[in-house]
Amino acid sequence: MYLYPIWIRLWHLFNAILFIILIITGLSMQYTDKQDYMLVVSFATAVKWHNIAAILLTINYIIFVIGNSATENGKYYRTSKKNFITDLGIQLKYYSWGIFKGEKHPFPVTENRKFNPLQKFSYVLAMYVAFPLLIISGLGLMFPETILNRVLGISGLLLTDILHITMGFFLSLFMLIHIYTCTLGARPSSLFKSMISGFHESDH
Amino acid sequence: MNFSAVKSLFLLCLFAFSNSLSASYKKAVILQDTGIFVSPYAEDNERCFTCHGQERYEYTNETLGRQVKALMCTERITKRKEFYDSNHKSFSCTDCHSSDYTTFPHPGELRMEMKYNCIDCHGGDETFSAFGFDEIDKEYQQSVHFKLEGEGFTCWGCHDPHTYKISIRNTENLKETILYDNAICLNCHSNFSHFQLLTDREEINVIEKHEWLPNQTSHFSSVRCIECHTTINDSILVAHLIVPKAEAVKKCNECHSKNSMLMASLYKFQSKEQRRDGFFNGIILNESYVIGANRNEYLNLLSLVIYGIVLVIIGVHIYFRMIRKETN
Numbered sequence: 001m002y003l004y005p006i007w008i009r010l011w012h013l014f015n016a017i018l019f020i021i022l023i024i025t026g027l028s029m030q031y032t033d034k035q036d037y038m039l040v041v042s043f044a045t046a047v048k049w050h051n052i053a054a055i056l057l058t059i060n061y062i063i064f065v066i067g068n069s070a071t072e073n074g075k076y077y078r079t080s081k082k083n084f085i086t087d088l089g090i091q092l093k094y095y096s097w098g099i100f101k102g103e104k105h106p107f108p109v110t111e112n113r114k115f116n117p118l119q120k121f122s123y124v125l126a127m128y129v130a131f132p133l134l135i136i137s138g139l140g141l142m143f144p145e146t147i148l149n150r151v152l153g154i155s156g157l158l159l160t161d162i163l164h165i166t167m168g169f170f171l172s173l174f175m176l177i178h179i180y181t182c183t184l185g186a187r188p189s190s191l192f193k194s195m196i197s198g199f200h201e202s203d204h
Numbered sequence: 001m002n003f004s005a006v007k008s009l010f011l012l013c014l015f016a017f018s019n020s021l022s023a024s025y026k027k028a029v030i031l032q033d034t035g036i037f038v039s040p041y042a043e044d045n046e047r048c049f050t051c052h053g054q055e056r057y058e059y060t061n062e063t064l065g066r067q068v069k070a071l072m073c074t075e076r077i078t079k080r081k082e083f084y085d086s087n088h089k090s091f092s093c094t095d096c097h098s099s100d101y102t103t104f105p106h107p108g109e110l111r112m113e114m115k116y117n118c119i120d121c122h123g124g125d126e127t128f129s130a131f132g133f134d135e136i137d138k139e140y141q142q143s144v145h146f147k148l149e150g151e152g153f154t155c156w157g158c159h160d161p162h163t164y165k166i167s168i169r170n171t172e173n174l175k176e177t178i179l180y181d182n183a184i185c186l187n188c189h190s191n192f193s194h195f196q197l198l199t200d201r202e203e204i205n206v207i208e209k210h211e212w213l214p215n216q217t218s219h220f221s222s223v224r225c226i227e228c229h230t231t232i233n234d235s236i237l238v239a240h241l242i243v244p245k246a247e248a249v250k251k252c253n254e255c256h257s258k259n260s261m262l263m264a265s266l267y268k269f270q271s272k273e274q275r276r277d278g279f280f281n282g283i284i285l286n287e288s289y290v291i292g293a294n295r296n297e298y299l300n301l302l303s304l305v306i307y308g309i310v311l312v313i314i315g316v317h318i319y320f321r322m323i324r325k326e327t328n
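Line by line, the protein sequences give chains A and B. Position 20 (the first sequence) corresponds to 20 in my numbering; numbering is contiguous. Position 115 (the second sequence) corresponds to 115 in my numbering; numbering is contiguous.
You may find that some hints are simply not true.
Below, a list of computed lysine-lysine pairs in the DSS-like style, where the Cα atoms sit at most 25 angstroms apart [unchecked claim]:
#: 1; chain 1: A; residue 1: K101; chain 2: B; residue 2: K325
#: 2; chain 1: B; residue 1: K147; chain 2: B; residue 2: K175
#: 3; chain 1: B; residue 1: K268; chain 2: A; residue 2: K48
#: 4; chain 1: B; residue 1: K251; chain 2: A; residue 2: K48
#: 5; chain 1: B; residue 1: K175; chain 2: B; residue 2: K165
#: 6; chain 1: B; residue 1: K115; chain 2: B; residue 2: K69
#: 7; chain 1: A; residue 1: K34; chain 2: B; residue 2: K115
#: 8; chain 1: B; residue 1: K325; chain 2: A; residue 2: K104
#: 9; chain 1: B; residue 1: K268; chain 2: A; residue 2: K34
#: 10; chain 1: B; residue 1: K245; chain 2: A; residue 2: K48
#: 11; chain 1: A; residue 1: K48; chain 2: B; residue 2: K258
#: 12; chain 1: A; residue 1: K104; chain 2: A; residue 2: K48
No lab work stands behind these hints, which were simulated from the structure alone.
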């Protein structure tokens, strides 16, 4: 089943590469010390590449939002209140129990349902809540003169940075779980191949 | 300045001094300009401030037989408010300057009088030991500025004795202190008319020279020039060993790191009473936020715990999937 058009695959690829650069450079800025550690790049290099990757990621995100508005892909992110919690529970139960018992997938992938309820929920949170907050706080840090000096007696820069780091942390956690859940396809490598071919391999 | 110009200046001073003000007017000026501090030498000093306290002064030109208004040379002006706000506010002008200045016109040879240096009064004095003047002098003699002494550079090049006030010890607003301290450097380094008095070098464009610095505006308003351009000395509060530009700090992580050098320079005075609330270098947070230097121990630990839990869950999930695969 052809489910992943070329623009989605390219967007996803760039998103992944840029996000990995941002995680490495972001961690480097936070933890760079006077001696060098593995995977921690120097502060000046980290700042430069973090800024470049961040601008590209922002452009990539705008493409994602426009693409979802202009194409059919947006429908996969629309969430209905009906059975929202129940469906989340069913999916969670499947991942934590049913999958080991050989049960059938409760929400198999179809042309009208690319994501299961848990995926949909986490993707909406990641792409429409965490990402905008990450980008806005990142722009604030890139142009610190735009940030309020003090908010309730606390440094505006500190609050912006904590928001940025927190969103970055949750999105890096999301990425870790996202990569693992990609091994839960028909075969552990199926979904990774789909990212290249665009075709989804059915579970059954 | 040639001799005739100097002579003219003295003549102007002569006439200005002869133009006495009424006692009530003097008092009003002092009260208006000096705030709460009233100097015991206010009246004596007013003899000088009458002409040297502002840009314009008046005197009676006896040759012309009329009052003349003239502009005071900017180098000879000391604003009353600035003087009475400064460290030396309790001084009489003649504590440092010759008492012969009380005569008018000022005798010409006074132009050549030797000026006191900081160390002439403060050196080897236990009263001022907390300020480490002797150590400051030792540092100064090793600094690049000392090499300019032959060109006329002295302590006064940075610390005008008429207006200078210690800032970092008394500050309630570090940003203002940073602005005040950086203005001292920029007075020469971004003002070519002052700069060229001491060197034949070409004009420096401070902004261009620091183009490599990300978020330049934030850096310039958040740290002092001396943070990067001096060698830190643990025994004095403000480093005075200005290093050659090639030795200036250029590595970001000298400040942006857990062992931030700012704790030994800009935040040294405050860091004696280090605030511990989960933040490394938490004292910096009082005034600013330095990425890499301010790290929250609790958030760091929490993030590691969350990551650990997720990895354990993934590990367990993989394990049961493998068991399931083997069973099938």
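### Message
Holds or violated: K34 of chain A and K115 of chain B, Cα atoms, limit 25 angstroms.
### Response
With Cα atoms ~45 angstroms apart, K34 of chain A and K115 of chain B exceed 25 angstroms; violated.
### Query
Given the hinted pair K251 of chain B and K48 of chain A, is their alpha-carbon gap at most 25 angstroms?
With a Cα-Cα distance of about 14 angstroms, the restraint between K251 of chain B and K48 of chain A holds, given a limit of 25 angstroms.
#### Entry: 25 angstroms limit on alpha-carbon distance, applied to hinted pair K175 of chain B and K165 of chain B
Between K175 of chain B and K165 of chain B the Cα gap is close to 16 angstroms, so the pair holds against 25 angstroms.
### Message
So if I understand the rule, the pair passes when the alpha-carbon distance is 25 angstroms or less; does K245 of chain B with K48 of chain A pass?
### Response
It holds: about 23 angstroms lies between the C-alpha atoms, which stays within 25 angstroms.
### Query
Is the hinted pair K268 of chain B and K34 of chain A satisfied, with a Cα-Cα distance of at most 25 angstroms?
Satisfied, since the Cα-Cα distance of roughly 19 angstroms is no more than 25 angstroms.
### Task
With a cut-off of 25 angstroms on the C-alpha distance, tell me whether K147 of chain B and K175 of chain B pass.
Given pair K147 of chain B, K175 of chain B is violated - Cα atoms ~31 angstroms apart, limit 25 angstroms.
#### Entry: Straight-line alpha-carbon gap K48 of chain A to K258 of chain B, limit 25 angstroms
20 angstroms, holds
#### Entry: K115 of chain B paired with K69 of chain B [C-alpha distance capped at 25 angstroms]
This hinted pair is violated, its Cα atoms lying about 30 angstroms apart.
### Task
For the pair supplied as a hint, K325 of chain B and K104 of chain A, confirm whether the alpha-carbon distance does not exceed 25 angstroms.
OK: K325 of chain B and K104 of chain A at ~15 angstroms, within 25 angstroms.
### Restraint status (C-alpha distance of K104 of chain A to K48 of chain A at most 25 angstroms)
48 angstroms, violated
### Query
Taken at face value, is the distance from the CA of K48 of chain A to the CA of K268 of chain B at most 25 angstroms?
30 angstroms, violated
#### Entry: Proposed proximity, K325 of chain B with K101 of chain A (alpha carbon, max 25 angstroms)
10 angstroms, holds
In terms of the numbered hints stated before, the structure departs from hints 2, 3, 6, 7 and 12, listed from lowest to highest.
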